[in-house]
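Make the full structure from the sequences, and use the hints.
There are 2 protein chains.
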Amino acid sequence: MSEPKLRAKELDAADGLAAQRAEFVLDEGDGGSGGEAVYLDGNSLGALPVAVPGRVEDVVRRQWGELRIRSWTEEGWWTAPERIGDRIAPLVGAAAGQIVVGDSTSVNVFKAVVGAVRLARSADGAAGPARDEIVVDATTFPTDGYIAESAARMTGCTLRPVPPSEIPDALGDRTAAVLLNHVDYRTGRLHDLPALTAAVHAAGAYVVWDLCHSAGALPVGLDEHGVDLAVGCTYKYLNGGPGAPAYLYVRAELQDRFDSPLPGWNSHAEPFGMRPEYAPAPGALRGRVGTPDILSMLALEAALDVWDGVTVEAVRAKSLALTDFFLECVEAYVPEGRVACLTPRPHGERGSQIALRCPDAGDVMKRLIERGVVGDFRHPDVLRFGFTPLYVGFADTERAARVLAEVLAETGV
Amino acid sequence: MSEPKLRAKELDAADGLAAQRAEFVLDEGDGGSGGEAVYLDGNSLGALPVAVPGRVEDVVRRQWGELRIRSWTEEGWWTAPERIGDRIAPLVGAAAGQIVVGDSTSVNVFKAVVGAVRLARSADGAAGPARDEIVVDATTFPTDGYIAESAARMTGCTLRPVPPSEIPDALGDRTAAVLLNHVDYRTGRLHDLPALTAAVHAAGAYVVWDLCHSAGALPVGLDEHGVDLAVGCTYKYLNGGPGAPAYLYVRAELQDRFDSPLPGWNSHAEPFGMRPEYAPAPGALRGRVGTPDILSMLALEAALDVWDGVTVEAVRAKSLALTDFFLECVEAYVPEGRVACLTPRPHGERGSQIALRCPDAGDVMKRLIERGVVGDFRHPDVLRFGFTPLYVGFADTERAARVLAEVLAETGV
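Protein sequences appear in the order of chains Z and L. Using the working numbering, the first residue of the first sequence is number 1, and each one after it goes up by one. Using the working numbering, the first residue of the second sequence is number 414, and each one after it goes up by one.
To be clear, the hints were calculated from the coordinates, so they are not data collected in a lab. Among the clues, some could well be false.
Said to hold, decoys possible - Okay, derived cross-link-like pairs now, DMTMM-like style, lysine to aspartate or glutamate, Cα gap no bigger than 25 Å in a straight line: (1) Z:366 with Z:349; (2) L:418 with L:819; (3) L:779 with L:741; (4) L:779 with L:762; (5) Z:366 with L:479; (6) Z:366 with L:487; (7) Z:5 with Z:15; (8) L:422 with L:744; (9) Z:366 with L:683; (10) Z:9 with Z:270; (11) L:779 with Z:66; (12) Z:366 with L:488; (13) L:418 with L:441; (14) L:779 with Z:381; (15) L:779 with Z:75; (16) L:779 with Z:74; (17) L:422 with L:683; (18) L:422 with L:819; (19) Z:9 with Z:331; (20) Z:366 with Z:57; (21) Z:366 with Z:410; (22) L:422 with L:737; (23) Z:5 with Z:410; (24) Z:366 with Z:331.
To be verified - Which stretches of chain Z does chain L cover? Using the computed rule of at least three CB atoms under 8 Å from a CB of chain L, they are: (25) 38-44; (26) 141-155.
What the hints assert, rightly or not - If you want the ones that stay clear, here's a sample from chain Z, every Cβ over 12 Å from chain L, calculated: (27) 6; (28) 59; (29) 158; (30) 165; (31) 168; (32) 240; (33) 257; (34) 335; (35) 338; (36) 340; (37) 345; (38) 349; (39) 363; (40) 407.
Cβ coordinates follow ideal geometry from the N, Cα and C atoms, glycine included.
Structure, rendered in structure tokens:
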């Protein structure tokens with residue numbers, strides 16, 4: 001057995017999270033050459049938790065099919081957004097009552113960024129500076145930038161894209177809100193949430209963190225670091241299913257002043273009063289909009305069961321061990337210079353994915369998938385490998401690097 | 414057999430849509446006294462179509478569980494919003510390519526109303542009148558009013574609530590957009606879509622119709638009547654399931670100028686180009702926002718199979734026959750003056766529900782439900798009975814009226 005293979009065996013044997021793999025539906029023996037497929041795309045779509053199909057069947061057949069509208073109260077449909085929000089809360093370091101689930105990430109970015117601008121303006125009052133700038137990470141996932149641009153246009157602000165490293169210097173009296181990604185979707189770089197949050201606050205502005213690529217993969221510490229608002233999706237490291245509803249965090253002390261641009265009937269203080277005047281509900285409920293999407297939402301709720309007895313700290317430790325080991329294997333197997341790692345080496349700057357740049361990345365990923373190593377390709381030249389510690393092991397990781405080396409040896413440039 | 418019971422028997426025997434009932438999961442023998450529950454709340458949550466559970470199971474177990482990310486292309490997940498939009502299109506009188514499914518009704522109202530204001534302003538140009546008013550039906554379902562207020566605030570307009578009958582007189586040079594309900598959620602009144610649309614256009618403004626209580630119950634004729642924008646939910650007469658995604662219609666000729674306030678990456682001309690600059694997709698796709706909610710969306714797609722071979726005209730004819738017959742039975746069974754009908758008698762002004770006012774409506778509805786007649790209660794004094802012609806029959810209707818009379822006789826005021 002090769003050195004990396006032996007190491008993988010030892011690491012798997014010592015892995016305290018190895019048993020969690022049984023909570024997921026994963027391939028057995030259908031991954032082409034070499035047995036099981038290795039699924040390294042949980043940072044795009046998390047694998048199916050085994051608890052989900054039965055739960056969804058119950059929701060469809062019994063709750064909808066038999067109880068019908070009674071389920072809104074008897075099965076807790078109506079309160080699902082805040083109940084499931086409270087299930088996500090400990091995973092991102094938030095106390096209960098600050099997260100609601102619902103809508104897409106993009107829609108939540110809109111609520112959060114407009115909300116942040118309004119918070120900044122209401123905090124300063126008439127005598128304060130004219131805050132008319134929204135700062136956004138220049139390397140952000142595109143939808144955040146597009147939505148922030150719309151939020152800027154609709155609040156009389158200008159949008160200023162700034163490379164993340166230059167953000168502290170870009171902040172000032174004009175800054176109303178700052179929208180940042182905790183982990184960069186492309187490179188896997190982890191940004192310094194505590195320091196950047198403090199810098200935004202020092203400028204008198206409000207920060208919105210996008211947790212899509214960090215929640216469920218590493219500790220976030222929303223409460224601890226005084227984050228104002230945050231959004232995230234639930235279909236990556238939270239395994240909620242394709243297009244599962246996203247969530248919105250509004251820090252408890254800001255909720256009374258949170259002024260949503262999407263004040264739907266579900267965020268009304270008295271939704272069934274059917275009153276013509278809007279009066280926002282107290283607390284996190286203020287972030288709700290329309291009728292919650294029950295099928296997807298309750299699938300997510302079942303998916304969150306995999307976190308019972310698991311700490312984010314343990315997940316983070318394994319995630320770093322997996323990505324360290326993957327880089328070790330890539331170095332051992334792949335000729336130097338054939339790929340360049342975009343993901344930072346220091347643990348403090350690394351998310352839960354490894355991004356490798358190579359000129360023929362599109363073709364390479366196609367061949368990898370054919371051989372049962374599933375990552376994804378990001379235009380124009382990036383191979384992304386996501387490491388989801390609840391179901392990826394060290395032997396999977398060694399195999400992925402080995403197959404990558406084989407494919408790279410065949411293709412050449 | 415009583416006269417209404419005999420009539421019900423004849424009407425059911427002659428009902429060309431009677432066979433459609435087998436497409437739905439309905440109660441048998443568990444409705445308390447008197448056998449099957451009569452479900453007259455399909456205007457709140459449509460019954461479960463039998464095709465849905467199997468389809469959802471396939472989506473969860475095979476598409477998500479086995480194929481995972483490959484389903485985005487191989488199973489058509491990515492194109493679901495426009496594909497399912499095209500399935501809804503004939504039900505609302507729209508040619509293909511004008512409807513996308515996704516987000517809640519409230520979120521779509523926001524897109525549509527802001528979009529309408531921008532259309533009005535771009536049509537007039539700088540030399541045109543300063544259109545700064547959004548007119549909304551004063552009796553609207555509350556969320557429409559709340560969201561229209563937000564749209565007004567964010568586009569520099571004022572919101573003007575106007576009783577529907579006075580809307581033509583309220584329109585003018587200042588009117589940018591008008592948001593109207595096709596059928597009033599409370600009273601069941603059907604508004605005159607062709608005439609009101611023409612009146613809005615005569616004022617140089619743009620109209621948004623909310624079809625929540627009409628789509629799937631009666632012909633809408635969006636294309637025929639030149640409607641600009643429309644939104645609707647899919648969980649009432651379209652039976653898509655609790656909180657199923659809503660839809661947005663943008664008339665083909667307006668799509669190039671439709672300027673969404675929620676320009677997410679899914680509405681980008683090249684979503685996987687990951688470009689920092691937003692460039693809207695052509696056509697209906699421009700109404701998309703974030704990642705589509707696949708579980709709920711594909712449940713809806715399966716639910717739409719019940720429309721195969723069914724025309725909206727046939728549904729409308731049966732709907733009117735059902736509501737006529739219900740009123741006939743109520744008159745036969747219920748002492749005069751005990752309830753007052755809020756729903757207009759003329760067919761041209763009636764949706765697919767009957768709303769009866771009585772002072773003790775909350776208590777009455779509770780007792781009705783206990784006896785297997787399921788309608789709903791709307792604060793403070795309205796009993797709502799929704800008639801869904803695909804699965805409600807005339808014997809159901811007679812029984813509902815009969816049990817209502819029994820309950821009313823017991824309770825008294």
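These are the hints, each one checked on the structure:
1. Z:366 with Z:349: Violated - the C-alpha atoms of residue 349 of chain Z and residue 366 of chain Z are around 29 Å apart, more than 25 Å.
2. L:418 with L:819: holds (16 Å)
3. L:779 with L:741: Since the Cα atoms of residue 779 of chain L and residue 741 of chain L sit roughly 23 Å apart, the hinted pair holds (cutoff 25 Å).
4. L:779 with L:762: violated (29 Å)
5. Z:366 with L:479: holds (18 Å)
6. Z:366 with L:487: holds (15 Å)
7. Z:5 with Z:15: holds (15 Å)
8. L:422 with L:744: holds (18 Å)
9. Z:366 with L:683: Measuring from Cα to Cα gives roughly 21 Å; hence the hint holds.
10. Z:9 with Z:270: violated (58 Å)
11. L:779 with Z:66: Satisfied, since the Cα-Cα distance of roughly 18 Å is no more than 25 Å.
12. Z:366 with L:488: holds (18 Å)
13. L:418 with L:441: holds (20 Å)
14. L:779 with Z:381: Violated, at roughly 63 Å.
15. L:779 with Z:75: Roughly 18 Å between the alpha carbons, so the hint for residue 779 of chain L and residue 75 of chain Z holds.
16. L:779 with Z:74: holds (15 Å)
17. L:422 with L:683: The given pair, whose Cα atoms are some 58 Å apart, is violated under the 25 Å limit.
18. L:422 with L:819: With a Cα-Cα distance of about 21 Å, the restraint between residue 422 of chain L and residue 819 of chain L holds, given a limit of 25 Å.
19. Z:9 with Z:331: Cα-Cα ~18 Å, so holds.
20. Z:366 with Z:57: With Cα atoms ~34 Å apart, residue 366 of chain Z and residue 57 of chain Z exceed 25 Å; violated.
21. Z:366 with Z:410: The hint holds at about 13 Å.
22. L:422 with L:737: holds (15 Å)
23. Z:5 with Z:410: holds (22 Å)
24. Z:366 with Z:331: holds (22 Å)
25. 38-44: With 3 residues in contact (Cβ-Cβ under 8 Å with chain L), the coverage given for the stretch 38-44 of chain Z holds.
26. 141-155: Holds, because 10 residues of the stretch 141-155 of chain Z bring their Cβ atoms closer than 8 Å to Cβ atoms of chain L.
27. 6: holds (30 Å)
28. 59: violated (8 Å)
29. 158: holds (15 Å)
30. 165: Its Cβ never comes within 12 Å of chain L, the nearest being 17 Å, so this holds.
31. 168: Given a closest Cβ separation of 21 Å, the condition holds.
32. 240: Answer for residue 240 of chain Z: violated, closest chain L Cβ roughly 9 Å.
33. 257: The claim holds: residue 257 of chain Z sits with its nearest Cβ about 16 Å from chain L, beyond 12 Å.
34. 335: Holds: least Cβ distance 29 Å, greater than 12 Å.
35. 338: holds (24 Å)
36. 340: holds (19 Å)
37. 345: Fine: 24 Å to the nearest Cβ keeps residue 345 of chain Z off the interface.
38. 349: At about 21 Å from chain L, residue 349 of chain Z clears the 12 Å cut-off, so the statement holds.
39. 363: holds (16 Å)
40. 407: holds (18 Å)
Comparing the model with each numbered hint stated earlier shows that hints 1, 4, 10, 14, 17, 20, 28, 32 do not hold.
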